[in-house]
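Enquirer: Sequence:
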Amino acid sequence: MTPVALITGGSSGIGLAAASLLIARGYHAAISARDPAKLAAAANALGPRCTTFFADLEDPAQAEHLVDDVLARHARLDAIVNNAGWSPAATIPETTRDIASRVFALNAIAPTLIISRAWPAMVRQAEQEGSGGVIVNVSSMATVDPFPILYAYAAAKSAVNSLALSVSIQGKPHGIRGFAVAPGAVETPLLRSLIPHESVPQNRTLAPQDVASVIVDCITGKRANDNGKTILIPSPA
Numbered sequence: 001m002t003p004v005a006l007i008t009g010g011s012s013g014i015g016l017a018a019a020s021l022l023i024a025r026g027y028h029a030a031i032s033a034r035d036p037a038k039l040a041a042a043a044n045a046l047g048p049r050c051t052t053f054f055a056d057l058e059d060p061a062q063a064e065h066l067v068d069d070v071l072a073r074h075a076r077l078d079a080i081v082n083n084a085g086w087s088p089a090a091t092i093p094e095t096t097r098d099i100a101s102r103v104f105a106l107n108a109i110a111p112t113l114i115i116s117r118a119w120p121a122m123v124r125q126a127e128q129e130g131s132g133g134v135i136v137n138v139s140s141m142a143t144v145d146p147f148p149i150l151y152a153y154a155a156a157k158s159a160v161n162s163l164a165l166s167v168s169i170q171g172k173p174h175g176i177r178g179f180a181v182a183p184g185a186v187e188t189p190l191l192r193s194l195i196p197h198e199s200v201p202q203n204r205t206l207a208p209q210d211v212a213s214v215i216v217d218c219i220t221g222k223r224a225n226d227n228g229k230t231i232l233i234p235s236p237a
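Residue 230 in our numbering sits at position 230 of the sequence shown; the count goes up by one each step and never skips.
Simulated from the structure, these hints should not be mistaken for lab results.
Note that beta-carbon positions come from the ideal geometry of N, C-alpha and C, so glycine has one too.
Watch out, some of these pointers could steer you wrong.
[Stated by the list, open to error] What follows is a list of derived Cβ distance ranges for each label pair:
id, residue 1, residue 2, range
1, P120, Q209, 30 to 36 Å
2, S162, A45, 29 to 35 Å
3, R124, R49, 22 to 28 Å
4, G130, T96, 47 to 53 Å
5, P173, R25, 23 to 29 Å
Modelling step: build the complete structure from the supplied sequences, incorporating the hints.
Expert: Laid out in structure tokens, this is it:
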């Protein structure tokens, strides 16, 4: 039976790279995003072992419904990559109530709800098949080296580090593993919406594939000893 991986923010950047690598490893990639055109382009690039799901994960109800939709379509869920993320450039005094609410909704609340919604299905699979699932949260080096303009983002990403640890502890009886992958600057549209090339040139950034390969190693068992940990991936010096 083909294992299924849900990748949020799967239409570009790290998410798209992770989906491509997982498909190459025999997975079916269920990708979500909130831009239908980008979803269609990603599906065309990834091929028949990809299904797409529209979801605006700033809405908690859509985060929960996403899991329901994936399970209704595929009847199983073996891996989750909580990758969708967003942040404006905002220092402490620039962080308004609206910015804080949106940043936490997408970066912290959505992963929390996706994990809890998928948990019963992953536990059932473990009981029936003898092996649990894997959850990988995409975090950020900003959680240990806060950048001034990422005040709320760094705090929200710190939450998913804690979620990974909780998954590893509560998932142990079921063989469910949890990881947080915390990269430095990654060459993505989000990065360039915040930081110009003049400040951080491309040769000082990670490629999305660099991060995706670590995510896939977590899912396929190569980094099983890092269960519960936050794996730091520094940018090139």
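Enquirer: Does each hint fit the structure? Answer for all of them.
Expert: Against the structure, the hints:
no.: 1; hint: P120 - Q209: 30 to 36 Å; verdict: holds (33 Å)
no.: 2; hint: S162 - A45: 29 to 35 Å; verdict: holds (34 Å)
no.: 3; hint: R124 - R49: 22 to 28 Å; verdict: holds (24 Å)
no.: 4; hint: G130 - T96: 47 to 53 Å; verdict: holds (49 Å)
no.: 5; hint: P173 - R25: 23 to 29 Å; verdict: holds (26 Å)
The earlier numbered hints are all upheld by this structure, with none contradicted.
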